[in-house]
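**Q** Chains as they are written, first to last, in the working numbering: chain P, 1 to 782; chain E, 1001 to 1204.
No lab work stands behind these hints: they were computed from the structure.
There's no promise every hint is true.
To be verified - In silico DSS-like cross-links for lysine-lysine, where the CA-CA straight-line distance does not exceed 27 Å: (1) E/Lys1153 with P/Lys109; (2) E/Lys1010 with P/Lys628; (3) P/Lys728 with E/Lys1143; (4) E/Lys1197 with P/Lys772; (5) E/Lys1143 with P/Lys695; (6) E/Lys1191 with P/Lys728; (7) P/Lys150 with P/Lys415; (8) P/Lys695 with E/Lys1153; (9) P/Lys118 with E/Lys1153.
As the list claims (entries may be wrong) - Away from chain E, derived, C-beta distances all over 10 Å, residues of chain P: (10) Leu4; (11) Pro37; (12) Lys109; (13) Asp126; (14) Arg168; (15) His283; (16) Pro431; (17) Pro455; (18) Met515; (19) Gly535; (20) Ser544; (21) Thr579; (22) Asn677; (23) Glu710; (24) Lys740.
Small disclaimer: the values here were computed from a predicted structure and weren't measured.
We put the CB at the ideal spot given by N, CA and C, even for glycine.
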Amino acid sequence: MLRLGKKILVFDGGFGSELERLGLLGDVPEDLNITAPEAISSIHISYANAGADIISTNTFGLNPIKYHGRYGLEEVAAAACENAKKAGKTVFFDVGPTGAMMEPMGSLKFEEAYEAYKTVAEISRDICDGYILETFTDIYELKAAILAFKENTDLPIFATMTFDQSGRTLTGSTPEIVAYTLEGLGVDALGVNCSLGPKELTPIVGRLLSSTKLPVIVQPNRGLPELKNGKTVYSMSSDEFFEAVSEMVKMGVSVVGGCCGTTPEFIKKLSVFSGQNVKEHEHKPLTAVCSQSIICSLDGVKICGERLNPTGKKKLKEALINEDFDYIVSEALNQQENGADLLDLNCGLPQIDEKTLMPRLIKKLQEFCDLPIQIDSSDSAAIEAAARVCNGIPLINSVNGDEAVMARVFPVAKKYGAVVLGLAMDENGVPKTAEERLEIAKRIIKRAGDYGIPPEKIMIDALVVTASAEQELVRETLKAVGLVSALGVKTALGVSNVSFGLPNRPLLNRTFLAMALGQGLNMPIMNPSDSEMVGTVRAFELLSGIDKNSENYISIYKDFVPAASGTLSAKKEEKSADTLYDCVRSGLKNRASELAKKELEHRPPMEVVNDILIKALNDVGQLYEQGKLFLPQLISSAEAAKSAFAEVTARLPDSSAKKGRVVLATVKGDVHDIGKNIVKVVVQSYGWEVIDLGKDVPPSDVVNAVKKFEPFAVGLSALMTTTVPNMKETIGALREAGCKAKIFVGGAVLNPETAEKIGADYYTADALEMAKTLDSALLAER
Amino acid sequence: MNSSEYEFLKPQILNYLGFRGADGDPGVEEMIWACLKEVEEAAQFNCLYKFFDAPPEFLNAEPYREFLSGSKGVIVTASTLGIGADRLVKRLFVSDPAKAAVADCCASAYIEFLSDRFEKTLGDDLSYRFCPGYGGSSVNDIKYIFDILHPEKIGMELTPSMFMLPSKSLAGVVAVGKRAEKSCRDCFMAKSCHYLKEGKRCYA
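Between the sequences and the hints, there should be enough to build the whole structure, so can you do that?
**A** Written out as structure tokens, the structure is:
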């Protein structure tokens, strides 16, 4: 393996096509290791004879989730390695994806994927020379696999993903994201396999090469398949294949091989590369963070949204303590919409166990928001737990010049490839002069190097002091930004700290921001909803030439009309509506809350509810039933009523305006929840408190929620015939537990007869009918 | 998305949204156009197919047999918009639920549209796509299609309760050498179908 990256290595080629040629394609190819060992080793030997340096085992689907063969995993692994060793070459254990889709879109949990691959590592580490993790389509699953192999073996790990013609993986990762993430996770070589033919893969390989210093692997298919006489065939010749791969060798690829459709003949052609010097490839070190689909390079200016830090934010504090993820997610999306490039995430409150909550928050955010994350914590266990489940490369905030802090955080950063934000201070506090801060910055970078963290993975926060307390030090901060930037290191500042205790803080904040940007600040940590701050960044980007041809600036401000107040607002106003009734009728959410406040100034809350909100909702409902309004309009009205309702309940602390609670769930096995979500919005708009248990909810969870929340009603949704039995089971469990709540069912395959058959109290055809039936059931009860 | 594609998709989307001939709010049309563009951006269409002269085992039963009678072969297909479309709808549900509902319907119409368009490239004497669940067939038959095509390769998963993920995914069979049009005749939803009640249908 010493030659890796210096001399070209040749991998073997397609296995499935060889099995097919031998007439061995069965249901479980891995079982052939035991049932047809000679045939399997003959394929390995034919690749070895063709000149392959590395032989991969016939174990693509051998993991506890995918494998459904007749033997034990360990037994198959042993036989597979035995068969491969007969070829007399280096043997890499072949590892493929589980075939299950990862959370949040699928059901496979990150930890479950990790456990599956840990099992594979344990059964193979003593009988192979390395691992080829290949054909992965989801970088999150690949991360789980890499961690499992790195934590449970010391063998080399090669990792390849597949890309489609758009140049992305199936979960939206670009070659740059794949290279940056896999290099960060510490694989030995990375690249692309399967997917397409060598010609189509050339641009992808070029992008991988320019994004990593690691050796790059390519194992293309035998061109693009064609439909000939109704059959799928690969028709590229081995010469054409060789020519196309040669191009990639010239670009700097280190490991070559073949995938679908390729045979020993193809590998024989490639074998001339074996042992040739790898051509060096150009690669520019990058300071960047990424999610699975967005890479945020800290060149230029990137806005780090500060709104998910509870310091001084009462609502967020409550949301974190109560685990109100809806609020947290909407804050995240708000920041994204307003121009944040990455999000700071901090849940440091005395009541909170950060180590438990942080990874849950990360997973929740990843479900909805694809911005990269800045993990903001002083608890290194929480940092590790968060970095582990983070789908991408996070920024860790922070270390400082204190050796003890660095010793805790750097190993975590190294393991997960994270970028670290270093504060230019140490155990003695924040130094006064810029030069002293620069010295600490240098110390942090040097110490990071001792842990194997390259300088580009360190950013420096030059530290903002409060102008009201230490006016003369503001200049030192700015100077320090300039000095650190001159080192070629990226910088960050928590900008708004400058104005504490002074009037008109926004003015000071944006002026200071402009001054810091002028010194080379890369990442202001700020509130993206402050449009004037964001405006300052956009203007700076234009004036400093980052925003080429002013394109971004113009696209944002082209419709800008100076408002009377002189704000830089670039957003379109909602249509106007004069009354709260009209607002709900027309579905104007923001204005509804404003007008509700006005109404509440001179009317009692319940009057606002009964005379305006209910009336408007009833009228909208009637129009919907008559087909004069349709779904999106109904939802918009419900949303507007909901935001008005929030104002009403804010004035009624005993929540007497609420009618009661409704627990909603999509039943076990059912993973589509759009209908249930629409029901939620509409039912809430009618003044009900909704406890949403989500989708794929086991009966026991519904029972527990009913016991805990004592709702007036339970609403269960099922979309397909296959999950109606689970709905029946859930109702049975509720009855057995003595549930007094009314049980509502709905969903595409339900009808009144089925509802009755499975023991429900009510069937409602849509969201509106459910809301109205709830009201009449409540009336009947009273 | 060009305007002729939009005009083709619009009635289908309005149909999915429960539009029943009322005066559509011009805002909704604007939203459909915006959502379609976002769906197009978020989608990563992928499909797989296999051609068979003789139908695979599971098709040798009604209603498939009738559907395939007189055909010269069958194509088994699976296609998906990828998780990007699911992510989009999920995100919109937090920030703008009305838009989420529209985007969901746009994505449903879009996967049908792209799959139809792709199938047209496979030949010009093909039937419509008959999917497990149609005509009284069992949704569980989707698993045979998964066994044949292994669409995990294009990022599809079949859950134990026969849900395909990503949610905007299709799996079906197309008869070769036989023209056949969709009809509501044998649909398992026919009894409670709100489209039928209004003399309409759920497909384009």
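**Q** Enumerate the violated hints, using their earlier numbering and listing them in ascending order.
**A** Going through the list in order, the structure violates hints 14, 22 and respects the others.
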